[in-house]
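Each protein sequence line maps, in turn, to chains A and B.
Position one of the first sequence corresponds to residue 3 (this note's numbering), numbered consecutively onward.
Position one of the second sequence corresponds to residue 22 (this note's numbering), numbered consecutively onward.
Possibly wrong hints are sitting among the right ones.
As the list claims (entries may be wrong) - Take a look, some chain B residues computed to stay more than 10 Å from chain A by CB distance:
hint : residue
1    : K232
2    : A250
3    : L414
4    : R446
5    : F521
6    : S554
Unchecked claim - 30 Å max Cα-Cα, derived DSS-like pairs, lysine-lysine:
hint : chain 1 : residue 1 : chain 2 : residue 2
7    : B       : K549      : B       : K588
8    : B       : K440      : B       : K408
9    : B       : K549      : A       : K62
10   : B       : K662      : A       : K62
11   : A       : K62       : B       : K585
12   : B       : K588      : A       : K62
13   : A       : K102      : B       : K400
As the list claims (entries may be wrong) - What follows is a list of derived Cβ distance ranges for each label pair:
hint : chain 1 : residue 1 : chain 2 : residue 2 : range
14   : B       : N388      : A       : L154      : 31 to 39 Å
15   : A       : R64       : B       : L336      : 56 to 64 Å
16   : B       : V619      : A       : R64       : 38 to 46 Å
Simulated from the structure, these hints should not be mistaken for lab results.
Where a beta carbon is used, it is the ideal one built from N, C-alpha and C, also for glycine.
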Amino acid sequence: MKLYLKYVIPLFTAIVIISGCGKENQALDSQQGSRPETSSTEDSSVQLRQLPLVFEGTDKGRPCRMMLHREWYEGGVVDRKNYRAELSTSYEHDGEGLGKQIVAFSALGDGKLLEWDRAATREFIKLALKAPSDKMLDPASFRVKWLHDDHLHDNTCINVKLVP
Amino acid sequence: MSNVRLILMASVLLFAVKTSVAADDNPEQLPEVIVTDEKSLEQSRIDRGAVLPTERISKKRIEQKRAQTLAEAVAHESGVDTQTSCANCGAKRVTINGLRGEHTTIMVDGVPLHSAVSSFYGVDAVPMAGVEAIDVIRGAGAALTAPEAIGGVLNIITETPKRPFATTNLQGGTANTSLLSGAAAETALDGKFRFLAAGQFARQGLWDIDKNGVSEFPEFTNAGVIVKAQTDLTASQSLEVRYAWQSISILGGTTDGTRPTTFLTNVDSPSFDGNDVSRRYLDSQSKIADVIGLKRHELVGRFKQRVGAASQLQLTTSGAWQAQDSIYFHGYDYTNRDFLSFSEIRYTTPLNVDHVLTLGADGRLQNMNSSSEKLYGIKNLPPDDFKFQNGALYAQDTWSVNESHELSLASRFDYLSVKWPFQNRIVERFLVSPRVHWKWMHDAQWTSRLSYGRGYRAPLSFFESQHGLSEDGFTIGLTEIETAHSLGYAAHHLTNRWEFGGGVYGTLLQNTAYAEESQNAGDSAQFKNYSDSLGVVSSYLSGIYRAENGWTLETSIEDFRLAKAYKRLLPNAVTEQRARLRIEKTWGGFETSLICTVIGSRDLALYRYDQHYLTYEEVPADPNNPALGNVEEVSARKNTKAPLYATLDFTVAYHPAHSIEFSASVLNLTSFTQTGYGDSPLAWGQHGPDPRHFHLDNMHVWGPLRGRVFILGLKTDL
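Okay, chain A solo, but in the shape it has when bound (with noise of 0.2 Å):
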């Protein structure tokens, strides 16, 4: 008895409220993305979390959104250098815009910037991130340049937040 309630018990009890943490963290991460359980080593679209994701936020007083379609980590390396995200925006007319495209940390954002660029057309989407991370987590605001037929738009969303 003593043995049971030294040792059993309170292992029994740790045991549930360690238990009961990862829900609440799973919790956290569903409104944030969750950390994968497993990682892929080709380039695969397991998910991270549940996607897709909307993030809306205010371009001179008009909503503007982007969506987060898939994310992962090349090679399955979990690291900022490997990750990728795809993702689209609202900035679009008539079917012309972007669409969707992969961006990627930029080497000299120190973490809270992810790009994507075709230089051909000087056209780009940069997103920075409320603070460092290893995968987009929390946008702050985005900017796309994009072609509509023959001129470039320069658009920004700011105040970005997650659409739940």
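With chain A held as given, fit chain B onto it using these hints.
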């Protein structure tokens, strides 16, 4: 100055020829004397016989202004405003009573062959060769066959030869200004056959007053020919046929003659020193060049048959073909082909001594087809083609109530249909447009005229309606025809020496068509009807004194009051207050005239000029996240207060003989221009609420764009 030398040489030669010819005249053969009422017409600018208040711009007045085109001929005339809506391409709007250019109907000899399509550049295509006068008739209901004349009518009256003549007119001046025109007329069969041929070639050079490499006024040439034949088939029948050809060529923006032959593939902001449009232009000339070409043919046939003792049947049929080819620096090509036909049958008969009844029917058909490799082929926008049909019946009773009162009561019953086939839109309406005109001759000197009319306009919206700014296309959201009620009163006093008068015209517009730009970059503009009624009131006072010693003094003051909401719908700032002073002196063989025009100050922000900027600068896309880099955003708003300014035009003419005139003129003597004032028409124009969405525009226009021009002229009657 090569044009000036040419004038001088030609004048010496012609003078020598004329002198030698004069020496051969047979002194026993007296010249034929033809009595006309031209002098009495010259005496008064108001047509005293007309029930409608009609002001006439005489041929002499047109020549005094050195006008090469219709737009120049009517500039600053009473009730009329000629605006340059685009400094790059030279598109002009001629307005009456403060209304839009689309509300002015241009007729030639009473035939309405111009429309919104032709009026953008067409007012510069109409040459002044062969023109005897231009009548300005204000208000809706100004012409029975022009119900779309919500603002009024400009009726160009071509010359009707009464005797054979031949004239030449040669002008040359600074800023590459030149004019060569001539007219010849012949009569035969004891005057039963009359033939007129007239032609003109005119040129004006570009202006770049601030020398920044972008012109504020385009290089412009126009050419035109008119051929008119009238014949009395019998004692009661006459036939008139008129053919006209017109051509204009405009090259704007560029200062080195660069003439693009195709559109820009990609459009980005042209470079200026410091991104400032008032500083030196650093980029390719092809990125700022507009090229416009317009060719036009008109054919009119009119048959008149006297019926009985005093009735008349008149049949008119006409057509106008116009082709416009243009390349705009906003990055697209645009071509349209427009055909407009007008036919009318009119029967006029006196019912009794007091009433003259006019019954008629007319019809118009207009087809406009366009093409654009960039807009339709690449951008896949729907073409702006439209088809307009109009059929009408009308009736008018002119009632001479007594010696003092004359009343004209009329009404039109119209069916209209406008179709935009590629926009899947149709607007069809039946309309009744009554008009009442009352002339009251108080005594031999005083005459009052009161007018009411209801007018309408089918809004023929197309790319030029937004003047080339609709590079993202447009949609038609129009559901109604524009309509207007117009009420006017004018009083006129005429004696041997004095002529003065005044008037006020009010117009209430309904369903005004306008283009609403999308708030989202890349979305199309939408043409729609304005939901509220809009009011415009114009008023004037004018006076002329003709002294015995050859002095003539003419003065006028005008006021145009526009609803604020209406100002925001206009493409350009319009004249709101204007004063004119004209002093003329004739003595011996000399004639001089000095015209001073004063334009009042204006708040340009009311015309959305507060979205015009001098520069753009780089600002952080998001100040909280500098990693996103910098974006371009307009800064330094352009001037939004147009000052009061005055222009002076001076002409001196010398007649060594009746048939020769040498002249010297200075237009804009003080060389006042808005560019010289420090406010060129060039601007970064913000589109919508986003200061990061802007284009280079040349539409910040509020004042003269051409500086001082010296012109020498030689006119001969051969």
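Worksheet entry | Indices of hints not satisfied (ascending) | none
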